[in-house]
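Chemist: In order, the protein sequence lines correspond to chains B and Y.
Residue numbers for the first sequence follow our numbering, beginning at 1 and rising by one.
Residue numbers for the second sequence follow our numbering, beginning at 1001 and rising by one.
Mixed in with the good hints, there may be bad ones.
Stated by the list, open to error - Simulated coverage check for chain Y against chain B, where a stretch passes if three residues somewhere in it have a Cβ under 8 angstroms from a Cβ of chain B: (1) 1048-1062; (2) 1070-1078; (3) 1117-1130.
Unchecked claim - Interface residues of chain Y toward chain B, partial, derived using beta-carbon atoms under 7 angstroms: (4) A1065; (5) N1066; (6) T1082; (7) I1084; (8) E1135.
Just so you know, these hints were derived from the structure itself, not from any lab.
Backbone N, C-alpha and C define an ideal beta-carbon position, used for all residues, glycine too.
Number of protein chains: 2
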Amino acid sequence: MTLIDPTRIAETTASSDAVTIYVCITCQRAGMPESEPRPGAVLAEATVKAAIGTGVTVRRVRCLANCSRGPSAAMRCNGSWTYIFGGLGTDCATALIDGARLLAAAADGLLPWRGRPEPLKRGLIARVPPLDFEEDHV
Amino acid sequence: MTLIDPTRIAETTASSDAVTIYVCITCQRAGMPESEPRPGAVLAEATVKAAIGTGVTVRRVRCLANCSRGPSAAMRCNGSWTYIFGGLGTDCATALIDGARLLAAAADGLLPWRGRPEPLKRGLIARVPPLDFEEDHV
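Chain B with its partners taken away, still in its complex shape (with noise of 0.2 angstroms):
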């Protein structure tokens, strides 16, 4: 069940167009033969497609060096935590724009499990916490 609409956050929030995605456009699919074009080039190819007129930035990459759960991809905004995603299909490029948007409109910086795409939950690979990042009561 999705809560939040997520083609409304863009217009409810100020910091939508400073999300960034970035996909690995040298991932293979983990445990399958080679291919051309390489699958994590395909869904960078759909997820720039995808963020068009949605304000998520889409920068391609050679490496996120997830190379045994790729294909890969990471987002993050100014303030918020970076997520790196693996296992991706090349028909994800959605579920990352999705994603991205639901970041960008989370005011605590943390992607909500609640609404988030099934993708970016079952390949969620690591998180790391913005620059300034202070844990309470270590």
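Let chain B serve as the given structure and place chain Y on it in line with the hints.
Modeler: Just chain Y now, kept in the frame of chain B:
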């Protein structure tokens, strides 16, 4: 063979004081029985101690979401790539500090392979470019 002496890097770079290591304190050892204190917390404590006098900032973080391949840590400077490592031992504090100083000294923002401590080679989980990164020729 280490060609760069990490103990001398802090003296020769202006950015070394900006390097931060995030150590996940909730990490258990993947595939091992649960234990208290958690291996991640032990590693964090050791890394805080190893950082004294080095100019490296160490932050404890509750979860880097790399749970299946912990213990985990991440590192970055302003303008550098962000690196995430897993499968670390509680004896990896010095490796983390040495790696952080190598990263702080890297003019291109990339953690060099040569001279990188072994746990940061075999434990590489992923890397993410700096916020303003654009790949050439893609």
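Chemist: Now tell me, hint by hint, if it's right for this structure.
Modeler: Hint by hint, here is what the structure shows:
Given as covered by chain B, the stretch 1048-1062 of chain Y passes the check, having 4 residues with a CB less than 8 angstroms from a CB of that chain where 3 are the minimum. With 4 residues having a beta carbon nearer than 8 angstroms to a beta carbon of chain B, the stretch 1070-1078 of chain Y meets the requirement of three or more and the stated coverage holds. Given as covered by chain B, the stretch 1117-1130 of chain Y passes the check, having 6 residues with a CB less than 8 angstroms from a CB of that chain where 3 are the minimum. Annotation: Y:A1065 was flagged as interfacial toward chain B, and the flag holds, the nearest CB pair being 5 angstroms apart, inside 7 angstroms.
The beta carbon of Y:N1066 comes within 4 angstroms of a beta carbon in chain B, closer than 7 angstroms, and the hint placing it at the interface holds. Contact between Y:T1082 and chain B, as hinted, is supported at the beta carbon level, the nearest pair being about 6 angstroms apart and thus within 7 angstroms. A hinted interface residue such as Y:I1084 counts as satisfied when its beta carbon comes closer than 7 angstroms to some beta carbon of chain B; here the least separation is about 5 angstroms, so the hint holds. Below 7 angstroms, beta-carbon pairs count as interface contacts, and Y:E1135 has one with chain B at about 5 angstroms; its hint therefore holds.
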